[in-house]
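Trainee: Chains as they are written, first to last, in the working numbering: chain P, 1 to 221; chain U, 222 to 442.
Because the hints were derived from the structure by calculation, they are not lab data. Glycine included, each C-beta is placed from N, C-alpha and C at the ideal position. No false leads were mixed into what you were given.
Computed footprint of chain U on chain P, listed as stretches where at least three residues anywhere in the stretch have a Cβ under 8 Å from a Cβ of chain U:
#1 90 to 96
#2 122 to 132
#3 138 to 144
#4 156 to 168
Protein chains: 2
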Amino acid sequence: MLYGLDRILRGHRTSAGAQSDRRFSAAPCCAKPEPRDYSLPNPTWSPDTKRLYEELSRDRSWRRLPSYDSHLHHRAGMSPEVDGKTRLFTRNLDQDGVGFEYCMFYNEAEKRTLCIFQPGPYTEGPKGYAHGGCIATIIDETAGTVIEYSSGASVTANLNINYRNPIPLGATVLIDCRVEKVDGRKVFTSCQVRSHDDTVLHNEATALFITPKSGGLKAKL
Amino acid sequence: MLYGLDRILRGHRTSAGAQSDRRFSAAPCCAKPEPRDYSLPNPTWSPDTKRLYEELSRDRSWRRLPSYDSHLHHRAGMSPEVDGKTRLFTRNLDQDGVGFEYCMFYNEAEKRTLCIFQPGPYTEGPKGYAHGGCIATIIDETAGTVIEYSSGASVTANLNINYRNPIPLGATVLIDCRVEKVDGRKVFTSCQVRSHDDTVLHNEATALFITPKSGGLKAKL
Numbered sequence: 001m002l003y004g005l006d007r008i009l010r011g012h013r014t015s016a017g018a019q020s021d022r023r024f025s026a027a028p029c030c031a032k033p034e035p036r037d038y039s040l041p042n043p044t045w046s047p048d049t050k051r052l053y054e055e056l057s058r059d060r061s062w063r064r065l066p067s068y069d070s071h072l073h074h075r076a077g078m079s080p081e082v083d084g085k086t087r088l089f090t091r092n093l094d095q096d097g098v099g100f101e102y103c104m105f106y107n108e109a110e111k112r113t114l115c116i117f118q119p120g121p122y123t124e125g126p127k128g129y130a131h132g133g134c135i136a137t138i139i140d141e142t143a144g145t146v147i148e149y150s151s152g153a154s155v156t157a158n159l160n161i162n163y164r165n166p167i168p169l170g171a172t173v174l175i176d177c178r179v180e181k182v183d184g185r186k187v188f189t190s191c192q193v194r195s196h197d198d199t200v201l202h203n204e205a206t207a208l209f210i211t212p213k214s215g216g217l218k219a220k221l
Numbered sequence: 222m223l224y225g226l227d228r229i230l231r232g233h234r235t236s237a238g239a240q241s242d243r244r245f246s247a248a249p250c251c252a253k254p255e256p257r258d259y260s261l262p263n264p265t266w267s268p269d270t271k272r273l274y275e276e277l278s279r280d281r282s283w284r285r286l287p288s289y290d291s292h293l294h295h296r297a298g299m300s301p302e303v304d305g306k307t308r309l310f311t312r313n314l315d316q317d318g319v320g321f322e323y324c325m326f327y328n329e330a331e332k333r334t335l336c337i338f339q340p341g342p343y344t345e346g347p348k349g350y351a352h353g354g355c356i357a358t359i360i361d362e363t364a365g366t367v368i369e370y371s372s373g374a375s376v377t378a379n380l381n382i383n384y385r386n387p388i389p390l391g392a393t394v395l396i397d398c399r400v401e402k403v404d405g406r407k408v409f410t411s412c413q414v415r416s417h418d419d420t421v422l423h424n425e426a427t428a429l430f431i432t433p434k435s436g437g438l439k440a441k442l
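Construct the complete structure from the given sequences, taking the supplied hints into account.
Mentor: In C-alpha cells:
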C-alpha cells in the first residue's frame, strides 16, 4: 500500500526545454523567463470570479497562493526550471478560460484553503455541466494544497465526494477545504463546494492524504 | 439533493459550429463530416495499450465502445451535431497522447466495462505520476459508461476512491467497473484499477449513480 510514496515526493531537477509563450511571463533580455502565475486574473474571469478574488485579496487573514503549470514551482528547494514535457493536469490547456480557471487563498490560522473556481467549456461531462472528474480534480488539488501549506507535500490516499447539485460550465464556485485532523502521517480534510453567492451546495467531500515518513519535505527532495 | 438531474439529462439539439480537423474524420465532398472515434488506436498508444486492445477486440464477449469528444454522440436519439464550443473533459486536448488515451469494452452478460487507459504527460500530479483527479476522472467515466450501457444515462452521486499505488505517466492500466446493485434509481458500481500485467493494484473505488425518474432515457431527452 502506498508503494513509492517517498519516491514520488522526492522529485528531481530537470533541464529547461522548449517552452511556449503562454507558460512564461516576459522578462528582460538574457534573464531567465519567469514562469507564469496562473492564479492572477485574466480576461476570461467572470465578474463573480473577479469579485471573489478582490474580496479575498483585501482580507489580510487570507494569502493568495501562486499557481504554475508544474508542481515543481510550488515546492521549496526545488528548481524553478521545468522540462517542458509534462504539465500539471489542472493547467494543461493552451487557451485561457476553456479549462480550469482557479485561484487559491490560504488562511494559516485556520489551516484552511479557499479556491475560487470557474470550470470552462472544455471540462464538460453532462451537457452544459462540469464533469464529475473535473470536480474531483479541483477538490483533490485544493485539499492537497491546504496540506502542502500546513504539513508539507503529500499524496492522496482517499477521496470521497458527494455530488449534490451539478456545476454549470462557466459558473463561479468556492471550494472550502480545511484540515480536520492529523494522525501521524495521515492528514484528514473536509471540503465543501458552494456557489459564489453561497446559495447552492454543489459538493461535500472528505480527503485523506499521507505525508512523507520522516524528516519533513526538504529531506525527501 | 440532486437538483436539476432531469434537466442535465435532457440535453438539446445544437447547431454545428467551427470545427478543427482533429475532431472529425475525412468524409466525401458535400457529406457531413463524421465525428472522430477516439477509441481507435493511434501512434501514441504504447505496445501494452495496443496489446490489451487487440486481446479484447478478439474476445467476442466484449464489445468495443466508440468514444467522441462530446457526450451527445453517445446517446441514442440525440443529434450527432456538436456546437464546437464545449468538449468532453476527457477528450479536450488537441494533441494525441498527451492527455487521456483510453478505449472501453463492454460485456453485456456481466454488466461490466473494461477501460484500457494510458495517462499522458499533461495529466501530471506528483512529479512523473498521474494526478489524483485524473484517476478519479477516468474511474467516473468508466463507471458512468457501464451504467449508460446497462441502465441508461445517469449522473454521479458519490465517488469513493482509495489510492493504493501511483500510476506513472505513460503506463498502461486497466479499469474494471461492474454494476453491483440496482436499487430503484440508484445504481451501485465497483471499480479496480490495475497495471496492464495485473501485478499492481493502483486503485479501488465505488461509485453511485442516479438514473432519471421514470420513462427511461429517451423520454428525458
